[in-house]
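*Asks:* The listed protein sequences derive, respectively, from chains A and B. Going by numbering that gives the first Met the number 0, the first sequence opens with residue 0, and the numbers climb by one from there. Going by numbering that gives the first Met the number 0, the second sequence opens with residue 0, and the numbers climb by one from there.
You may find that some hints are simply not true.
[Claimed, not checked] Simulated crosslink set (SDA-like; lysine to any residue; CA at most 25 Å straight-line):
(1) B:K80 with A:P564
(2) B:K127 with A:S335
(3) A:K363 with B:I70
Bear in mind the hints are in silico, worked out from the structure with no lab data behind them.
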Amino acid sequence: MARAIPGRSPVTMADALRQARGAGEPYRGIWSWFSTVDHKKIGIMYGVAAFLFFLLGGVEALLVRIQLAAPNQDFLSPDQYNAMFTMHGTTMIFLVVMPLGVAFMNLLIPLMIGARDVAFPRLNAFSFWVFLLGGLFLNVSFFTGGNFFKGELGAPNTGWYGYAPLTENAFSPGNGVDFWMLGVQILGIASLAGGFNFIVTILNLRAPGMSLFRMPVFIWMSLVTSFLLIFAMPVLAVAMFQLMFDRLFGANFFNAAAGGTPLLWQHMFWIFGHPEVYILILPAMGIISEILPTFSRKPLFGYPFVVFSGIAIGFMSWGVWAHHMFTTGLGAAANSAFGVSTILISVPTGVKIFNWLATMWGGKLRLTTPMYFAIGFIAMFTIGGLTGVTHSAVPSDYQQNDTYYVVAHFHQVLFGGAIFGIFGGIYYWFPKFTGKMLHDGWGKVNFWMMLIGFNLTFQPMMVLGILGMPRRIQTYPDNLGWNFWNALATVGAFVIAASVLVFIYNVIISLRNGAEAGNDPWDARTLEWSIPSPPPEHNFDEIPVVHSVDDFWHRKYVEDPKGRPVPVPAGAAVATHQDGRDGGHGHGIHMPSPSYFPLISAVGLPTIAFGLIYSYALIPVGVIILAVGLYGWVLEPVSE
Amino acid sequence: MSHRGIWLRRVLIGSLLLGTLLIFSSCSGIVSGGQNTLAPEGSVAGRQRDLFLLVVWPAAAIFVLVEGLIILIIWRFHHRKGDDTLPRQVHGNPALEIAWTIAPAVLLAIVAVPTLAGVVTLGATPSKIGTTVNVSAARWVWSFSYPDVKDSSGQPVTGPPNELHIPAGQNVEFIITSQDVIHSFWIPKLGGKTDAVPNRQNRMWLKADRPGEYSGQCAEFCGALGSEGHATMRFRVVVQTPEAYRAYLQGLASGSPQAVANQGGN
Numbered sequence: 000m001a002r003a004i005p006g007r008s009p010v011t012m013a014d015a016l017r018q019a020r021g022a023g024e025p026y027r028g029i030w031s032w033f034s035t036v037d038h039k040k041i042g043i044m045y046g047v048a049a050f051l052f053f054l055l056g057g058v059e060a061l062l063v064r065i066q067l068a069a070p071n072q073d074f075l076s077p078d079q080y081n082a083m084f085t086m087h088g089t090t091m092i093f094l095v096v097m098p099l100g101v102a103f104m105n106l107l108i109p110l111m112i113g114a115r116d117v118a119f120p121r122l123n124a125f126s127f128w129v130f131l132l133g134g135l136f137l138n139v140s141f142f143t144g145g146n147f148f149k150g151e152l153g154a155p156n157t158g159w160y161g162y163a164p165l166t167e168n169a170f171s172p173g174n175g176v177d178f179w180m181l182g183v184q185i186l187g188i189a190s191l192a193g194g195f196n197f198i199v200t201i202l203n204l205r206a207p208g209m210s211l212f213r214m215p216v217f218i219w220m221s222l223v224t225s226f227l228l229i230f231a232m233p234v235l236a237v238a239m240f241q242l243m244f245d246r247l248f249g250a251n252f253f254n255a256a257a258g259g260t261p262l263l264w265q266h267m268f269w270i271f272g273h274p275e276v277y278i279l280i281l282p283a284m285g286i287i288s289e290i291l292p293t294f295s296r297k298p299l300f301g302y303p304f305v306v307f308s309g310i311a312i313g314f315m316s317w318g319v320w321a322h323h324m325f326t327t328g329l330g331a332a333a334n335s336a337f338g339v340s341t342i343l344i345s346v347p348t349g350v351k352i353f354n355w356l357a358t359m360w361g362g363k364l365r366l367t368t369p370m371y372f373a374i375g376f377i378a379m380f381t382i383g384g385l386t387g388v389t390h391s392a393v394p395s396d397y398q399q400n401d402t403y404y405v406v407a408h409f410h411q412v413l414f415g416g417a418i419f420g421i422f423g424g425i426y427y428w429f430p431k432f433t434g435k436m437l438h439d440g441w442g443k444v445n446f447w448m449m450l451i452g453f454n455l456t457f458q459p460m461m462v463l464g465i466l467g468m469p470r471r472i473q474t475y476p477d478n479l480g481w482n483f484w485n486a487l488a489t490v491g492a493f494v495i496a497a498s499v500l501v502f503i504y505n506v507i508i509s510l511r512n513g514a515e516a517g518n519d520p521w522d523a524r525t526l527e528w529s530i531p532s533p534p535p536e537h538n539f540d541e542i543p544v545v546h547s548v549d550d551f552w553h554r555k556y557v558e559d560p561k562g563r564p565v566p567v568p569a570g571a572a573v574a575t576h577q578d579g580r581d582g583g584h585g586h587g588i589h590m591p592s593p594s595y596f597p598l599i600s601a602v603g604l605p606t607i608a609f610g611l612i613y614s615y616a617l618i619p620v621g622v623i624i625l626a627v628g629l630y631g632w633v634l635e636p637v638s639e
Numbered sequence: 000m001s002h003r004g005i006w007l008r009r010v011l012i013g014s015l016l017l018g019t020l021l022i023f024s025s026c027s028g029i030v031s032g033g034q035n036t037l038a039p040e041g042s043v044a045g046r047q048r049d050l051f052l053l054v055v056w057p058a059a060a061i062f063v064l065v066e067g068l069i070i071l072i073i074w075r076f077h078h079r080k081g082d083d084t085l086p087r088q089v090h091g092n093p094a095l096e097i098a099w100t101i102a103p104a105v106l107l108a109i110v111a112v113p114t115l116a117g118v119v120t121l122g123a124t125p126s127k128i129g130t131t132v133n134v135s136a137a138r139w140v141w142s143f144s145y146p147d148v149k150d151s152s153g154q155p156v157t158g159p160p161n162e163l164h165i166p167a168g169q170n171v172e173f174i175i176t177s178q179d180v181i182h183s184f185w186i187p188k189l190g191g192k193t194d195a196v197p198n199r200q201n202r203m204w205l206k207a208d209r210p211g212e213y214s215g216q217c218a219e220f221c222g223a224l225g226s227e228g229h230a231t232m233r234f235r236v237v238v239q240t241p242e243a244y245r246a247y248l249q250g251l252a253s254g255s256p257q258a259v260a261n262q263g264g265n
C-alpha cells in the first residue's frame with residue numbers, strides 16, 4: 000500500500016542537510032539521546048519511560064490484588080498495602096497515562112501539522128528530563144523507610160489524592176508524603192512546560208493552509224489537553240506548596256488541630272483533579288478519532304461536532320470538581336449544582352461515541368489490531384461513561400462514594416478508555432517511528448487477553464461496590480459476599496498482566512523481524528504518513544501545503560459527485576504537492592542544535608527536593624545546578 | 000477474514016452476556032450480603048436504591064444500544080476479501096448529530112428531577128426527629144453519644160465504642176464529627192455515607208424499618224498503624240424497638256451499660 004510521493008529527491012535533501020549541519024552532528028549513538036532536542040526521540044523516550052513506569056504500577060496493582068484475593072489475608076501489612084495503592088494511583092496517573100499522552104503529542108504534533116519540530120525543542124527536552132527525574136525521585140521513597148528487602152517501605156501511603164489532614168506530620172511522620180508532594184510538584188513543572196510548548200507549536204507552526212479546522216482531531220484534542228494542563232497544574236502546585244509549608248515549615252493550612260481547613264485541600268485537589276481526568280482521556284479520544292476513519296476507509300463523521308464537543312468537555316471539566324465531594328457536607332445547593340453539571344458533561348461525551356459509531360457505519364472496516372483497540376475503546380469507555388452518569392444522581396452517590404463501584408468506574412474510563420486508546424495508538428503509529436509493523440496476530444492475542452482481563456478485573460468491582468465494599472481496605476471479613484468477586488478480579492488482573500507480556504514479546508519480535516512499514520502502510524489520511532518511516536530528523540523535506548482536512552488522503556483520492564473516492568492519477572499529485580512556497584531548494588532547513596543543558600537544568604530540581612527533605616545544604620547546590628543549566632541554555636551558541 | 004469475524008463476534012457476544020449477567024445478578028439481589036446497598040432496610044437507603052435503579056435502567060438500555068450497534072456495524076460493514084472499492088465518503092449529518100445531542104440531554108433532564116428532589120429531601124433534616132445521636136470518629140474508633148439522655152454530670156450518655164443503638168421506625172439524626180483525620184460514617188443497609196470532618200459538624204438522617212443488627216464501616220481512608228487501621232474501623236448497629244432503645248439509654252445513664260447492651264437487638 001506504500002505510495003511513493005512523487006516530486007522530491009530525498010537523497011539530495013539528505014546531502015544538503017549533512018552539508019548544512021556538519022558531519023559531527025551527534026544524532027546517532029547512546030549519548031545523542033541525552034542531548035537530543037528532536038521531538039521524535041523525546042517522544043520515544045517519553046513512551047519508553049512511561050511504559051517502564053506502567054510495568055512498575057502494574058506490579059503494584061498485582062500486589063494489591065493478591066492481598067485482596069481472599070478475606071483476612073496478611074500477604075501485605077496495612078502499611079505496605081497503603082503504600083502500594085498510593086504508588087499505584089500516583090504512578091498510573093502522573094507517570095503513565097499522562098506521559099503516554101504526552102509521548103503521542105510529542106511524536107505526532109509536528110508531523111501532523113507539517114512542522115519540523117516543536118516550537119521550543121530544548122524546553123521539550125527539559126520537560127522530559129524533569130518528568131523522568133521526578134518519577135525516579137518519587138520512587139526512591141520506596142528505599143527510604145529502613146530495610147527495603149525486609150518490606151520496610153518509605154513510600155507515601157496516604158492515597159494518590161492525599162487528603163488532609165492525614166498527610167500532616169501528626170499522622171504521617173515519615174518522609175513518604177514529602178517525596179509525594181515534592182515529586183508531584185516536579186512532575187507538574189514538566190507538564191506545564193510541555194503544555195505551553197504544545198500550545199505554541201500548534202498555534203504557530205502549522206503548515207501553510209492548515210487552518211484550525213483543517214487540523215487532525217488528535218491535534219485538536221492535544222490543544223485542549225494542553226490548555227487544561229496549563230490551567231490545572233498551577234492549582235495543584237499551590238495546594239502542594241501549602242502542604243509543603245504545613246509539613247516542612249509549620250504552617251497550618253490544612254491542619255485541623257490548629258484550626259486549619261482540611262476541606263480546602265479537597266477543593267483545590269479536585270479543581271485540578273477533574274480537568275486531570277480529561278487530560279488523561281482526551282489524547283486517547285484523539286487517537287481513536289484518527290484510527291477509526293483510517294480503517295473504516297471514511298472520514299470522521301461530523302468533524303466539527305467531535306472538535307466542539309472536545310472543547311466543550313474542556314470548559315465543562317472545570318465545573319464538576321465537587322462531585323468528588325458529595326459526602327463531605329457541602330449542602331443541598333452545592334450538591335444540586337454539581338450534580339447537574341456532572342449530568343451535563345456526559346452530553347458532549349455521548350456525542351463523541353455516536354460520531355465514532357457513525358464513522359464506522361457504512362465503511363469497509365479493516366479489522367487490524369489498532370482498529371480492534373479503537374473499537375474496544377468505544378465499547379469499554381461507554382460502560383465507564385454510563386457508570387459515571389449514575390454518580391451524578393447525587394443521593395445514589397452517597398452510597399457509591401468511596402466504594403469499589405467508583406474504582407470500577409474510573410478504571411473503565413482510564414483503562415477501558417485511555418489505555419485501550421493508547422495501545423491502539425501504539426499499534427497504529429509504531430510502524431511510522433520504527434519502520435517495522437507490529438505483528439497483527441500477536442496484536443490480536445494481546446487485545447483479546449487485555450479485553451477479557453479488563454472485564455474480569457473491573458466489572459466485578461462494580462458488584463463489590465454495590466455490595467458495600469469500601470475502597471482502600473487491605474482486609475475484609477469472610478461473611479459479606481465479597482469473596483468470589485474479589486477472587487475473580489484478582490484472576491483478571493493476572494490476565495491483564497499476561498496480555499502486557501504478549502505486547503512486550505510482540506514489540507521485540509517485530510523490531511527484529513517485523514514487516515517493513517513503508518511510508519504509508521495503512522493507506523492513512525494525515526501528513527505523517529506522507530514521509531518515510533522512520534521520518535528523517537527534519538521530518539519534511541519540503542513543508543507541505545494543506546488544502547483540506549485529511550490533506551494526505553485527498554492527495555491520493557478525490558471524491559466524485561456521489562461521494563465515491565477515486566484514486567488520483569500519479570501525475571496530478573505532483574501539482575497539488577508542489578505549489579508550496581519554500582519548495583525545497585536545498586537551503587533553509589534550520590534544525591535546532593542538540594544540548595545537554597536541559598538535562599543539567601532538570602537535575603537541579605530533584606536536588607532541591609532532596610535538600611528540602613534531608614538537608615537544606617543541598618538546596619543551594621540544586622539552585623546552582625539549575626542556574627548553570629539555564630545560563631548555559633541561554634548562552635549556548637547556535638550552530639548554523 | 001470472515002472466519003475471524005465470526006470468532007470476534009462470538010467472543011464479543013460472550014463477554015457482553017457475561018457483563019450483563021454480572022450486572023443483573025447483583026441488581027436482582029441474587030447476591031446478598033451484610034452491606035448490600037440494593038437490599039435496603041431503611042427508607043433513606045430505599046430511596047437511594049430507587050434513584051440508582053432509575054438511572055441504571057436507561058443506562059443499561061444505552062449500553063445495549065451502543066454495544067449492539069458495535070456488533071451490528073462489525074457484522075455488516077467489515078471489509079470483505081477481494082473488495083477493493085472504497086465506501087461512500089460521508090462527512091457528517093448535522094440534523095442527525097443535533098438529534099443525538101438533544102436526545103441524551105432530554106433523557107438526562109428527566110433523571111435530574113428526582114436527583115434534585117432527593118438531594119433536597121435527604122439534605123434537610125425532617126421536622127419529626129425521633130432521636131439524635133452524636134457520632135465522633137477517631138483513628139480507628141467510633142464513639143456514639145445520645146443527647147436525649149444526660150448522665151449525672153449533664154453530658155449526653157455515651158455507649159460502648161463501635162456500637163450504635165437506634166430506634167426502629169423513627170427518623171434518627173446524626174451529628175457527625177471527627178477528632179483527627181477525615182472519616183466517613185456509613186451503614187450501607189440503612190443509607191449512604193456522610194464524612195466525619197474535624198472542626199465540622201455534618202448532619203445526616205436515617206430511618207431503619209425494623210429492629211435488627213447491621214454493620215457499619217468507615218468509608219474514608221484514614222491510615223493504619225500496625226494491624227489497626229481503616230479496614231478495621233467497623234461498627235455494629237443495633238436497631239431496637241423505641242421502648243428497648245429508651246431502656247438502653249436509661250441503662251447507660253444509670254451506669255450499667257453492659258447489662259443493657261446484652262439485650263440489644265430486641
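*Asks:* Work down the list of hints and note, for each, if the structure agrees.
*Replies:* Evaluated hints:
1. B:K80 with A:P564: Holds, at about 19 Å.
2. B:K127 with A:S335: holds (24 Å)
3. A:K363 with B:I70: holds (14 Å)
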